[in-house]
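Start from chain Y and add chain Z with the ligands according to the hints.
Number of protein chains: 2
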Amino acid sequence: MRTRPLKVALLGCGTVGSEVARIMTTQRDDLAQRIGAPVELAGVAVRRPGRPRPGIAPELLTTDAEELAARPDIDVVIEVIGGIEPSRTLILKAFEAGASVVTANKALLAADGATLHAAAAKAGADLYYEAAVAGAIPLIRPMRESLAGDKVNRVLGIMNGTTNFILDRMDSTGAGFQEALDEATALGYAEADPTADIEGFDAAAKAAILAGIAFHTRVTADEVYREGITEVSAADIAGAKKMGCVVKLLAICERSADGESVTARVHPAMIPRSHPLGGVREAYNAVFVEADAAGRLMFYGPGAGGAPTASAVLGDLVAVCRNLVNGGRGPGESAYTELPVSPMGSVTTRYYVSLDVEDRAGVLAQVATVFAEHGVSVDTVNQRGHDGEASLVVVTHRATDAALSATVEALRRLTSVRGVASLMRVE
Amino acid sequence: MRTRPLKVALLGCGTVGSEVARIMTTQRDDLAQRIGAPVELAGVAVRRPGRPRPGIAPELLTTDAEELAARPDIDVVIEVIGGIEPSRTLILKAFEAGASVVTANKALLAADGATLHAAAAKAGADLYYEAAVAGAIPLIRPMRESLAGDKVNRVLGIMNGTTNFILDRMDSTGAGFQEALDEATALGYAEADPTADIEGFDAAAKAAILAGIAFHTRVTADEVYREGITEVSAADIAGAKKMGCVVKLLAICERSADGESVTARVHPAMIPRSHPLGGVREAYNAVFVEADAAGRLMFYGPGAGGAPTASAVLGDLVAVCRNLVNGGRGPGESAYTELPVSPMGSVTTRYYVSLDVEDRAGVLAQVATVFAEHGVSVDTVNQRGHDGEASLVVVTHRATDAALSATVEALRRLTSVRGVASLMRVE
Ligand SMILES: NC(=O)c1ccc[n+]([C@@H]2O[C@H](COP(=O)([O-])OP(=O)(O)OC[C@H]3O[C@@H](n4cnc5c(N)ncnc54)[C@H](OP(=O)(O)O)[C@@H]3O)[C@@H](O)[C@H]2O)c1
Ligand SMILES: NC(=O)c1ccc[n+]([C@@H]2O[C@H](COP(=O)([O-])OP(=O)(O)OC[C@H]3O[C@@H](n4cnc5c(N)ncnc54)[C@H](OP(=O)(O)O)[C@@H]3O)[C@@H](O)[C@H]2O)c1
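Taken in sequence, the protein lines are chains Y and Z.
Going by the numbering used here, the first sequence runs without a break in its numbering and finishes at 988.
Going by the numbering used here, the second sequence runs without a break in its numbering and finishes at 988.
Hint data in this document are derived by calculation from the structure and do not stem from the laboratory.
It is possible that some hints are incorrect.
For chains that are exact copies, the list does not tell them apart, and a pair is met inside one copy or across any two.
DSSO-like, lysine-lysine: derived pairs with alpha carbons at most 30 Å apart [to be verified]: (1) Lys803 x Lys568; (2) Lys683 x Lys568; (3) Lys802 x Lys712; (4) Lys568 x Lys712; (5) Lys712 x Lys683; (6) Lys803 x Lys654; (7) Lys654 x Lys683; (8) Lys654 x Lys712.
Looking at chain Y on its own, in the form it has when it is part of the complex:
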C-alpha cells in the first residue's frame, strides 16, 4: 500500500456532494484497501460557506472553486455543482492542472462532452461519469466496458425518477398532471423548478450520453427529440388502462435498420402493463439494453437521490485512483463510427389516437381513408357511440413518425372529427 494519500477536491457539496463527503469519511479504510492508497478530502468548494456542513472540517471549505480545481497538489476533482458554467471551466482547469475528473453532470456532458473528453485526452487524465445517468445504477461502465465487444442496437428505458413518480401517481390514483406534480414536489421528488424533469430535458441529456456510448458516435442533447409529460392527461392514462397499458416517459436510442444512422428521443408512450418497464413504480429507473450477442439486458434501481448518486461517484473515484496508483487509463471517448443522428420524422413508431367523432354512418370509412392515404396501416379500431357523438380509438401499426403526424393533422381537418381526445406513441 502506498502511504502518500491521493488528494481529492470536491466541487459542490449539496444533495450529492454532501453524501460523497460523508461516504469518503465513513468508508475511509475500505476505500484505501480497495485503491491501494489512502484518499483524503483536500478541499470543498461551495457557494455559501456559512451554511452548516456536518462532518466537513471548516478549513476545507472555499468559495473559490477555480483556485481549488487548479491546485497543483490535487489528484482528482469531483464536480457535483451541476449546470454548464462554471462547471465546464472548472473541469477544464482541473485537466490543465493534470488532475483526473469524476462528474455527475449530465447537462454538461450532453451539451459539450466532446470538449471535456478532448481535454482529458490531452492531459492524459481520466474522465468518469457513471453518476450522470440513472444514479446508482451501473450503466455507463457496463456499456463502455462490459459490452465493448458487442454491438448495441437499442437502449430503451425510464431514466427520470420525478416524471415516473408523477405518471405512476396519475395511474394509481387517477389524479391529473398538476395534482400529481404537487404531490411529487411536497414529497421532495420534484424540485422547486421542475422544468428540467417534466419537460424531458433531463431524460434527453441522459439519452444523448447513452446514445453516444452505445453507438460509438457523438450525440448532443439538442439532437434528441424531446416531449415532456405536461400534456399527459388523466384521459390519456385512462385510455392506456383500457388497453392494458401504462404511460411512461421513455428515452429510446436506436440504430437504424440499415445501420447508417441513429436516433434518440424522449417522449411519453404507452407500454403494456406486463412489460417489465410497466412495473417500474415511483421514482425508480430501469433501462433495457439490446445487443447482438448479449441479447436483452435490464438494469434497475434508484435513479437519483444523494446517497445512490454518491455511490456511483465513489465507484468512479476508486477507478480513477486505482489508475493513478497502478498506471493505466479508463476508456476515453469512442466516437469513431461518426453515425449521423436522424430526425424524429424518420423514426418508425406506433400511434394510439382517440378521436371524438360524429356518430353517423360513413365516419369510420372517412377516418380509415385518411390513414390509408398516408400509408399508415391500422392495427385495431374501437368505436363507441352515445347521443350522436362517438369515440373512435385507433391503434396503428409501425409507420414513420412523419407519416403518423401528417395523418393526425389530416384527421383534425375532417369535419366529422370533433377533436383528438388523446394521442400517444405506443412502444
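Same frame as chain Y, but now just chain Z with the ligands:
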C-alpha cells in the same frame, strides 16, 4: 492506433468458444477501434480437431493446449474449456508466460480462485471473468468496480437458467420435476448430464464468486450451503401457488447483522409472485444487489448460451487488451476483510411447512407447542380437514435455520403427524 496486432489464444471452441471466434471475426474492425490495436486469433485448442469448425482456419487448430497457452508470442489467453483440470494448469502456464487471461470458468474460480489471482498478481497480468457469473449480464464488473466505493450487504438472485426453466415449467403446466427436466433436455436447456445444474453446484459456484467480491473476502464453493431442485414436487409448487408464491432456486449471499461474518447459500425457496424475481421466466437470470448507499439494484438478462456468454468474454478481452496497450491493470483479488463464512444453521430464514395430520382435537395445539418449544414463532396457520385426515400449513416468522430444522425433526416424531407433505424456505 498501434499496428502490431495483439495475439489471442483460444482454449476450447465449444458452445462459448465458437461464438467468441465468430464475433472476433465479424467485429474485427470495431474491436480494433475500441482497443486501439488490432486483435488476432493466433491459435485454437480443442480435443477433437477433426470436427467441422466453420469460420476457423484449420491451421490455427491444435490439440496441444498447453503448448498454445505457453507460447511466448501470445498476449491474451481465453479459457473456455471448463472444469478444474486441465484448465487450471493451462491458466497458470499462461500467466507464467506473461499472458493475461479471460475465463468463463466458474467451477475453477469457485474452487481455487485464490491460486489464479495469486498467479496473475505475480505475473503482473490481468485475470477477468465476467462470463463466469450470469452469462451476458454485467455483474462482476459492476460489483468489482461500480460498487467499489459502496458497502454491499446482500446479493440475491436466480443464477441458473436450466433450473429456472424447469421450475417455470412446473409452475405453468403443473408438470412434475422429471417431466419438466425431460422437456428442458429436449429443448437444449439442460445438458445430457444435468447434475451440475439441478443439484445446485453451478449456482453455488456463482454464489461463491459473488460473495467473495461483494464482501471482499474469500469464499469457496464448498463453503456454500447447497440444495438442488430434484426434491421439489408438484405439491410444493401447488402449495406455493395457493400462497401467491412461486418456487425459485435462489442463490443468496449475506453479510451477518453484526458485520463479522458472511453466509452464502443456494436452495429452492418460495417468493411472492409479485416480487421482481417471481416474474423471471424460462432460462433468464436476475440478480439483486443491495448496498448501503446505492440501495437495491437489479440486473436481468440471459444467464447462459453461446452468444451471450461470448459477449461477456469479448468485453473482458477488450478491457485486457486496452490495459496492454495503455498500461494499467484491472482490479485484482480483494479479500482484505477476511470475513469467515458462517454455517447454514446460523442463517435466519422462514419456513413453509405442510403437514398431514390426524383430524382430531388437540393436534393443532401439539404442533404449535413444538414450534414454541424451539423458539420458532408462527406467522400463519391454515388447517383443512377431510375424512379423519387434515392438512396443516404453517408459515413461520424468521428464525435460525438450525431451530427450524430441529422443529421439523420434532414434528416428524409426533404420532399425530402422518407426514411432512412439503417443506420449503420462504424469502
Ligand atoms: N440530486 C440528484 O439526485 C442527482 C442525481 C444524479 C445526478 N445529479 C447531478 O449531480 C450534480 C449536483 O446535483 P445536486 O443535486 O447535488 O445539486 P445541489 O444540491 O444544488 O448542490 C449544488 C452544490 O454546488 C454548489 N455550488 C453552486 N454553484 C457554485 C459555484 N459557482 N461555486 C462553488 N460551488 C457552487 C452549491 O453550494 P451551496 O451548498 O453553497 O449552495 C451546492 O453545494 C448535478 O450535475 C446533477 O445533475 C444529481
Ligand atoms: N455454455 C454456456 O452457456 C456457458 C455459460 C457461462 C459460462 N460457461 C462456461 O464456459 C466454459 C465453456 O463452456 P462450453 O459450454 O463452451 O463448453 P463445451 O461446449 O463443452 O466446449 C468445451 C470446449 O473445450 C474443448 N476441450 C475440452 N477438453 C479439452 C482439452 N483437454 N484440451 C483442449 N480443448 C479441450 C472441447 O473440444 P471439442 O470441441 O473438440 O470437444 C470444446 O471445444 C465452461 O467453463 C462453462 O462453465 C458456459
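Which numbered hints fail: Numbers 1, 3, 6 and 8, in rising order.
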